[in-house]
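Q: Using the sequences provided together with the hints, build the complete structure.
So the chains spell out like this:
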Amino acid sequence: MKTMLLAAVLLAAPAGAEENLTSMLSQDYLQISSNFNGSEITVFGAVENPPERSAGDIVVVVRGPDTLMTVRRKDHIAGMWINSARAKLWLPSYYFIASSEPLGAIASTDTLGRYELGLANLRADMVASDGDGAPYQAALVRAEQRAGLYRENPAGVEMQNTAFRVHVPIPAAVPRGSYNVEVYIFRDGNVVAAQSTPFYVDQAGFERRLYEFAHNKPLYYGVTTVLMGILLGWGSTFFFRRK
Amino acid sequence: MEIYLPIAQMSVHWLIILSMGFVVGFLSGVFGVGGGFLLTPVLIFYGIPPGVAVATTASQIAGVTFSGVLTHWKRDSVDFKMGAVMIASGLVGSAIGVWLFAVLRRMGQAEFAISASYVILLGAVGAIMLNESVRSFAARREGRSGYGKKPGQHHWLHGLPFKIRFRQSRLYISAIPPLVLGLFVGILSAVLGVGGAFVMVPAMIYLLRMPTNVVVGTSMLQVLFVSASSTILHAVDNFTVDVVLALVLTIGGVFGVQYGVRAGAKLRGEELRFLMALLVLAVAAGLFYQLVVRPEDVYSLTAGAP
Chain A
13 MKTMLLAAVL
23 LAAPAGAEEN
33 LTSMLSQDYL
43 QISSNFNGSE
53 ITVFGAVENP
63 PERSAGDIVV
73 VVRGPDTLMT
83 VRRKDHIAGM
93 WINSARAKLW
103 LPSYYFIASS
113 EPLGAIASTD
123 TLGRYELGLA
133 NLRADMVASD
143 GDGAPYQAAL
153 VRAEQRAGLY
163 RENPAGVEMQ
173 NTAFRVHVPI
183 PAAVPRGSYN
193 VEVYIFRDGN
203 VVAAQSTPFY
213 VDQAGFERRL
223 YEFAHNKPLY
233 YGVTTVLMGI
243 LLGWGSTFFF
253 RRK
Chain B
15 MEIYLPIAQM
25 SVHWLIILSM
35 GFVVGFLSGV
45 FGVGGGFLLT
55 PVLIFYGIPP
65 GVAVATTASQ
75 IAGVTFSGVL
85 THWKRDSVDF
95 KMGAVMIASG
105 LVGSAIGVWL
115 FAVLRRMGQA
125 EFAISASYVI
135 LLGAVGAIML
145 NESVRSFAAR
155 REGRSGYGKK
165 PGQHHWLHGL
175 PFKIRFRQSR
185 LYISAIPPLV
195 LGLFVGILSA
205 VLGVGGAFVM
215 VPAMIYLLRM
225 PTNVVVGTSM
235 LQVLFVSASS
245 TILHAVDNFT
255 VDVVLALVLT
265 IGGVFGVQYG
275 VRAGAKLRGE
285 ELRFLMALLV
295 LAVAAGLFYQ
305 LVVRPEDVYS
315 LTAGAP
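Taken in order, these protein sequences are the chains called A and B.
Numbered per this note's numbering, the first sequence spans residues 13 to 255.
Numbered per this note's numbering, the second sequence spans residues 15 to 320.
To be clear, the hints were calculated from the coordinates, so they are not data collected in a lab.
Careful: at least some of the hints might be erroneous.
[Claimed, not checked] Below 20 Å or equal to it, Euclidean Cα-Cα: the simulated DMTMM-like pairs (lysine to aspartate or glutamate) are:
hint, chain 1, residue 1, chain 2, residue 2
1, A, K229, B, D311
2, A, K100, A, D144
3, A, K100, A, D137
4, A, K100, B, D311
5, A, K100, A, E113
6, A, K100, A, D78
[Unchecked claim] Rough simulated footprint, nothing fancy, chain B against chain A, three-plus residues with beta-carbon under 8 Å:
hint, segment
7, 76 to 89
8, 93 to 107
9, 144 to 156
10, 179 to 190
11, 217 to 226
12, 245 to 252
Every residue, glycine too, gets a C-beta built ideally from N, C-alpha and C.
A: Dropping the structure here:
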């Protein structure tokens, strides 16, 4: 649904106006290496031939791969806090939105909802064990905000005439996979142009090989881990004997 | 410097992990236990997912225990026959435990089960140790030497069938108690990420009546095999063993043990057991507090399907 909308805008917008949007990323491939401590990518862009010499309102959304997440609720049972109810939700594993104005000033709630703009407007496929999924989704958003994986920055688009720039923070816990950067131009509360660019996050060389080893050859991986531990334990006895 | 854990998929500070390994290794060197029962809760507290903490601690225990087994073997203080019996049932127990862990994880109760089991086990073992060490303090002050039943006294356990002669332990007892003990410790190892020495050593002394000099070596032998098996099964069934985490923890651990053994030699037995009991009870109290106090957020998030 959303993809179709985006496609429709992409097709319709250039035809409707001379106005044109170009944007690019500082990098389209981000590698997680052993000393990865978070990073940043930059989205650059410009609005060409804007009417009224103003670029309009710009919204930049970065979405990570959708994943199935489980949110559990603890209840007070027999004096202890025990997980009792749960919901499973499909939501992006990373979500960052930056805008030139607070979202509410840019478009109506309906429009924002249609494009899933803003943490309050994410739509999830979900199953909740006690019927109402809304509190679970709100809890998930809270948890992801604490982890730095969900973020809203209502003043995150730096504008200079018709050019703009957005710094996208990538925290250390960023999940691997295919990401999508969507840039929207709003004028009078409507999307007049949009562009979508993918980028990828992956583990680099050694970490990637370990991850693949663990998942493709789990038996050898387990045995190797144990042998490594035993060798270290054995080695340390020689080290201490010499001293 | 931060290091990235490929299986836990998170960054941690290597110095913190190394110190955790060292401190726990040191304590286990001082007290002569594996230290898994401290390491797993500490890792979970630091933010490592419980599944990864349990499985990875098991591999650390195997590494730290190996040199201990070698030392005891040289001193001829390992009962290999008793060890073999308990390893056989321990391996079965560790397979049951890994399966049980996967079931609990799917139900969303793994965390609760781990914490609750820790509270019960550590609370019980800590209380017994505290009681015992206080009584032997008192006994020494009154000039008596120790307390308890005399060896050779009969016990209902001695009436069980399938008797085996364990020459090294100078015992002729039924194979059932060691088998059950091994099985139980195997399950503990897989579900809680502990070696189980803190349960096994008292049980060997007070239930099986093994001579104290072979108890530690034999329990280490069993712990070595069972935690190796738990690690491998967790790696195969749950993909939760993080080799980078294991590496740093083990390096810290093996050095900690060496210094701990030296420090432990300077302390007296009852004092050691008294301090150990306090430590065990403190961990139990901390975990119990987390269970009963209202959590900051009653909702919690787990990535993935389980």
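Q: For every hint, state whether the structure bears it out.
A: Here is how each hint holds up against the structure:
{"no.": "1", "hint": "A:K229 x B:D311", "in the structure": "violated (38 Å)"}
{"no.": "2", "hint": "A:K100 x A:D144", "in the structure": "holds (12 Å)"}
{"no.": "3", "hint": "A:K100 x A:D137", "in the structure": "holds (8 Å)"}
{"no.": "4", "hint": "A:K100 x B:D311", "in the structure": "holds (18 Å)"}
{"no.": "5", "hint": "A:K100 x A:E113", "in the structure": "violated (33 Å)"}
{"no.": "6", "hint": "A:K100 x A:D78", "in the structure": "holds (13 Å)"}
{"no.": "7", "hint": "76 to 89", "in the structure": "holds (count 10)"}
{"no.": "8", "hint": "93 to 107", "in the structure": "holds (count 6)"}
{"no.": "9", "hint": "144 to 156", "in the structure": "holds (count 7)"}
{"no.": "10", "hint": "179 to 190", "in the structure": "holds (count 4)"}
{"no.": "11", "hint": "217 to 226", "in the structure": "holds (count 5)"}
{"no.": "12", "hint": "245 to 252", "in the structure": "holds (count 6)"}
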